[in-house]
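Enquirer: Please construct the entire structure, taking both the sequences and the accompanying hints into account.
Residue numbers (UniProt numbering), protein chains in the order written: chain A, 1 to 294; chain B, 1 to 294; chain C, 1 to 294; chain D, 1 to 294; chain E, 1 to 294; chain F, 1 to 294.
Simulated from the structure, these hints should not be mistaken for laboratory data.
Only true hints are included.
It does not matter which identical chain is used: a pair holds within one copy or between any two.
In silico DSSO-like links for lysine-lysine, alpha-carbon gap of 30 Å or less:
| # | residue 1 | residue 2 |
| --- | --- | --- |
| 1 | 278 | 227 |
| 2 | 278 | 9 |
| 3 | 132 | 14 |
| 4 | 9 | 121 |
| 5 | 31 | 14 |
| 6 | 31 | 74 |
| 7 | 278 | 85 |
| 8 | 121 | 85 |
| 9 | 113 | 60 |
| 10 | 60 | 132 |
There are 6 protein chains.
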Amino acid sequence: MSSTNSIIKLGLPKGSLEKPTLSLFERSGWKIHQHHRNYFPEINDPEITARLCRVQEIPKYIEDGILDVGLTGKDWLLETGADVKVVSDLIYSKVSNRPARWVLAVAGDSPYKRPEDLAGKRIATELLGVTKKYFEDAGIDVDVQYSWGATEAKVVEGLADAIVEVTETGTTIRAHGLRIIAEVLVTNTQLVTSEAAWADPEKRRKIEQIDLLLQGALRAESLVGLKMNVPSDKLPEILNEIPSLNSPTIAELTDTAWHSVEIVVDQSIVRDLIPRLKAEGAEGIIEYALNKVI
Amino acid sequence: MSSTNSIIKLGLPKGSLEKPTLSLFERSGWKIHQHHRNYFPEINDPEITARLCRVQEIPKYIEDGILDVGLTGKDWLLETGADVKVVSDLIYSKVSNRPARWVLAVAGDSPYKRPEDLAGKRIATELLGVTKKYFEDAGIDVDVQYSWGATEAKVVEGLADAIVEVTETGTTIRAHGLRIIAEVLVTNTQLVTSEAAWADPEKRRKIEQIDLLLQGALRAESLVGLKMNVPSDKLPEILNEIPSLNSPTIAELTDTAWHSVEIVVDQSIVRDLIPRLKAEGAEGIIEYALNKVI
Amino acid sequence: MSSTNSIIKLGLPKGSLEKPTLSLFERSGWKIHQHHRNYFPEINDPEITARLCRVQEIPKYIEDGILDVGLTGKDWLLETGADVKVVSDLIYSKVSNRPARWVLAVAGDSPYKRPEDLAGKRIATELLGVTKKYFEDAGIDVDVQYSWGATEAKVVEGLADAIVEVTETGTTIRAHGLRIIAEVLVTNTQLVTSEAAWADPEKRRKIEQIDLLLQGALRAESLVGLKMNVPSDKLPEILNEIPSLNSPTIAELTDTAWHSVEIVVDQSIVRDLIPRLKAEGAEGIIEYALNKVI
Amino acid sequence: MSSTNSIIKLGLPKGSLEKPTLSLFERSGWKIHQHHRNYFPEINDPEITARLCRVQEIPKYIEDGILDVGLTGKDWLLETGADVKVVSDLIYSKVSNRPARWVLAVAGDSPYKRPEDLAGKRIATELLGVTKKYFEDAGIDVDVQYSWGATEAKVVEGLADAIVEVTETGTTIRAHGLRIIAEVLVTNTQLVTSEAAWADPEKRRKIEQIDLLLQGALRAESLVGLKMNVPSDKLPEILNEIPSLNSPTIAELTDTAWHSVEIVVDQSIVRDLIPRLKAEGAEGIIEYALNKVI
Amino acid sequence: MSSTNSIIKLGLPKGSLEKPTLSLFERSGWKIHQHHRNYFPEINDPEITARLCRVQEIPKYIEDGILDVGLTGKDWLLETGADVKVVSDLIYSKVSNRPARWVLAVAGDSPYKRPEDLAGKRIATELLGVTKKYFEDAGIDVDVQYSWGATEAKVVEGLADAIVEVTETGTTIRAHGLRIIAEVLVTNTQLVTSEAAWADPEKRRKIEQIDLLLQGALRAESLVGLKMNVPSDKLPEILNEIPSLNSPTIAELTDTAWHSVEIVVDQSIVRDLIPRLKAEGAEGIIEYALNKVI
Amino acid sequence: MSSTNSIIKLGLPKGSLEKPTLSLFERSGWKIHQHHRNYFPEINDPEITARLCRVQEIPKYIEDGILDVGLTGKDWLLETGADVKVVSDLIYSKVSNRPARWVLAVAGDSPYKRPEDLAGKRIATELLGVTKKYFEDAGIDVDVQYSWGATEAKVVEGLADAIVEVTETGTTIRAHGLRIIAEVLVTNTQLVTSEAAWADPEKRRKIEQIDLLLQGALRAESLVGLKMNVPSDKLPEILNEIPSLNSPTIAELTDTAWHSVEIVVDQSIVRDLIPRLKAEGAEGIIEYALNKVI
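Expert: Structure (structure tokens):
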């Protein structure tokens, strides 16, 4: 079905994103199984070989052609400066499905209010290059030091005056008694490829397939299907209740006094929509889950 | 969207009912997240503030106006004698989705057969007031003592002559070698509010919304959707097989020799219904899960 | 509803197949609950009593009439030589839903290439009879020894020259540095009954019901439902994309420019099918999960 | 060895004190094994039958003669008002081996500074009687409510204005943002008996044996043995370094230029004592652990 | 230090005895570390190579010279009929440090009272040979069947009329509602070697060393050291209290009014001995743990 | 007792060495408790404040005066080039209490035999600087790349040609199919201070106390106490068996036919020493554990 040349080399993030990523691929149609002590995870698609890498390392591997396509973060693309092509944004995570931010944070009880107050001070971060550039661009002279982790604790322990650290909700930052004084970078997961892979029609087709299905599965997470029977004479009022962006599927039933109406809606509005539909005369309303919405 | 006044204060049960309750609310449309070390769980609805309390304490807090609405048990309503309004019954639990019973139990090999045989004896229970009243109403003089837990063991250990304890299936009672001689109270979870909250139209609307969606999600747990194609000339026979209380959704297909039939049925009857539908000529029968049935 | 005589005695496999089997029965419509310290699991069907047994032992129990019907493996049917009737194959497992193989394996760095190279050598296995017969039929004289488990390790430890062991993917075999040189037996789970039970019309009806529902639930595992709206003039092209074995459900919508199309397809083809359907003009494509497909 | 009459009935605390109590008895010479599903724990002494009870319930059971002797807290002796005899204090716990305190605590940012500031307010506590009496004695009118647990959270959640709760280190109180404004009661575990058991010479002898060994094992926890060889002419200086309350064991060695000195000291002083002993000429200093010190 | 020929091959039991055995060897002076995925555990003695085997398999490996010495059970020696030499008994286990028994058990409510009542019946056991011989010797004709485990359940499930199963305390037997009607075999762990190894002086010396140290560590488990100061004039009375089998170490102290007395006693008598020693005038009594007693 | 100036700032290693380090300090006389969510661990000595840091970071913190003293590795001293004073070696770890080695490893089936075969190749390591210097000193031109962990896997995955990684036993290296071709650095934990702290007499006294007790506790880990009674006429022969570096404590007993002999010996020789002592006539040999040996 596919020559060896056109087998696409896919890089998946190891670590905290690993489990949600494998789950997203499974919902998209690819089962990936990571055997204990095996280096190459199994994937049920002969056109793909997958491997798990640190997100920090994926951009460089794509640039070097070791991988054709991968999932990494906007932050590490910038940090590594790798020359790659971004295919799309994939906003998901273990916690909040929101983009994450690298922020500049100081001790809650320190006098620092703005980045310029940190001139001459020590900044700890894992995102060394981006942070240095941030301060250089701002013309502030600081001592940026690489941190091997547990960065939030460094300010509290007196080991740094400020940190640049990633956060989704700010919870961990605040739990350490820190105060955010600036946002350095907004980041999220991205599907990334090399110019070479993108220029190869066979590989590009595969990358676009992966992108289409991942987006479809991500979209389905927040949507549900609703199905109901509607008195034919109440159809206009009921369609009026349904958010305009949805194009409902309407069919006449054998009993012509009723129509069947099916819609796909954001699950966050269901608890308000159902009472209104019921009030307008809809009956037999059922809600069901969706795997994919394209 | 909502003034501070109309934000409803919702009390959720802490402890053994906590996990099934949060799961039920999630299926109903409200995500509640209990942060470690936070007192107020987060809920994704600006019209509600939630807090977790012991079921024993919720009735009093509603009576005092500290909460507007909450989930508690019929048993603790009686025990506390709190002056509150019951909105509806919500029959679910961690174990059996059946109502629970407070029963009077004695050692399996004891001579006691009826409550009156316990005159002058010692009864241990966590439901002190209800138990005392039960024996007073029956004109039986007993020594009712408050039990701090592990009540079933007290009879076996010789620390009490009988107990009054709650049970769903009787399994724990029997596992301790006890014998039930009377039923003191049947109880289940209830949605409860104060007269004041119920009289406020804005709050009442919100309470009714919560009730409608909780009921819809609970109902969906035991139901499934069935969809099948039916030869048009077999439609009457097949509709005849379907339990009369269900109103099926029937539509003619483009191929007019066939109709599509959709029904919602109790999943406990599916294993008997499917063979009969198949025998009558239904084809392409599929079963799928439901999130809510209103 | 059923006389004691017609209650069917069902044997379920204990051990590694236990959890997936109980899950399969639950999806098929039977809830089986194994109480701690109880011998007979509870099943919510008065026409069945269930018990958990080792797969090795089930064939003999059925032959002896201790059980009427049960799930076991083709391998242990052969090993025990029990005289039973196979109703159907049920291909599922904890790992791969593929048939498993009993293979002959030797140390990766040993000189053995074919079974005949093992003449005069020591073979360890849990499948003693089948293995002996395999070598006898081949006219090779070997010393087959029963192994109490951890069979793979025996070659490495110098305790055996070769092993005959079961494997689905070969992973464990290779992880021990072993090399497979022959396949002794392909096996999978089977629904098995006795001639006596099969000859009893009441029991046979029950066995056929169990078989129908188990097959329906197993089939649903690999299938999903797809629903889409199709421009009426593109209907032929789109139907052309759909695998011919599926008979789609097609209905005209109230807006006659569109038809609704519903299909049930293998989820392994969805990732290729959806892009093609979209390219042909299908809109509002949704995928949803199925419990059963009959 | 013992008639049934003289078998002593011992009550041990169930719950958070259970594990450290069973461990203390084991170090004292009694192995107690709590079988799953058994009511009476096994104890390897025919003169004792043990049972596990809630600390709150032990005082009443001793007063009623259901138990002869037990471990409970000074707090629950007061709360229950049971008429019992205290044999000795046993200061140990899961956390700190310090006495615990029931304290009156308010929100850290509340205006309350002294108990009298709480007049007319709501106080939540598990120690209902003692707390009511504390405020009555002080002539302060408050509304004391029974709390079913998680008491610290109630102030933060606005369900109470103050709490009376037990604490060893104050950590949990402070972690909830509360401020202690008064101490209501200092408490610790006590060995308690009834006047009747104490008056029975056989039982009293057994109770005194239990007390002697428990005290010996508790004492050994904080002590270690030190042994060293000392130049005979440095003996006075070295003995001078040793805390005066210890009576060292001194023996002349075969090589009369040296004496052997053995002492038992608090392990908290060892890190300062050893450098001084070494400086004075002691050699071959070894430290070893102790099981019991009587 | 040792030629390859004289390296002794030691077999250690895998499974339930594995952890207590490795712990016993560690207390005896040999650290054995089982690396994940390694076949040969590391042992810190160049004169020994160790391997972990099933107890059932060790006798045969010793007979065949694959192992020189090993720990196995008297039961499996008999069952396998292996021709080996027993060096000594080592009575320890995970549970009770008591010998275990293979017993014949029947359903508690069955009519069987003696082995002969089982004539013509079905017996399930893992100890096939011994059980067959037991009944043959008794002239009772039964059908003994090999059981792959969970043997106790077989009687309850109606799969066997009786079982022969191993038990230390009888707890599991009784928990299954079974009744013991005969004892088939008393067994315990044994140190076993081959005649060949025993005849090799170098290997025999090593085996005797292992035996001496294992016995010394086992003995120390139940013993403790007691040390006290005794008034010189009370020495006879105090020595009189000490169990006669112990030979105490007595030395005069520098302060000649006192003697030091050291004894090693069974820890089960300490709780009675200490009060008597104290009553006779002993002071500064300390108890300490022992690693080995030779 | 101590002015703020003289409080010593102690850095303890976070991560894999954390647990064994806290345990070592506890055995040395300092209880350190790391509260969840607290930055500074509690230590029961008012003269010390402790903090947990990455071993990589401790050298720099000491050089900068942020810490006075700390535990780190020889490897990270070299890598960081920090200007600090080494007080002593502390050889312990979670695994083997042996020094660890940074080794150069390649794929087992690769052609590389010596470092020079790697000219022009890619080397992954966490010890960037030391590795670069190693190859520069050898005049070999390689591309050394920083690795964020899982370094061993990189060779197997084709992401690097060789790695430089730390290992104690080589197990993990071999488990990845790698082959060691050179040793880059031998390392172990060291107690390290700054010249400034060492020059302050008060701080130096404290550092020497810490060093004395840590060494005493580490030494005790491998030693045990032996005590025995020896026939007075066999004393010379028995003393002859005892390793000459030990100075035994010998005392005449009241029964002058016997002497008591106490020694402290390495536990690794006990299994050989005891049989010899016994053969020479020693009796009542007991072995006991030691907390500290100074």
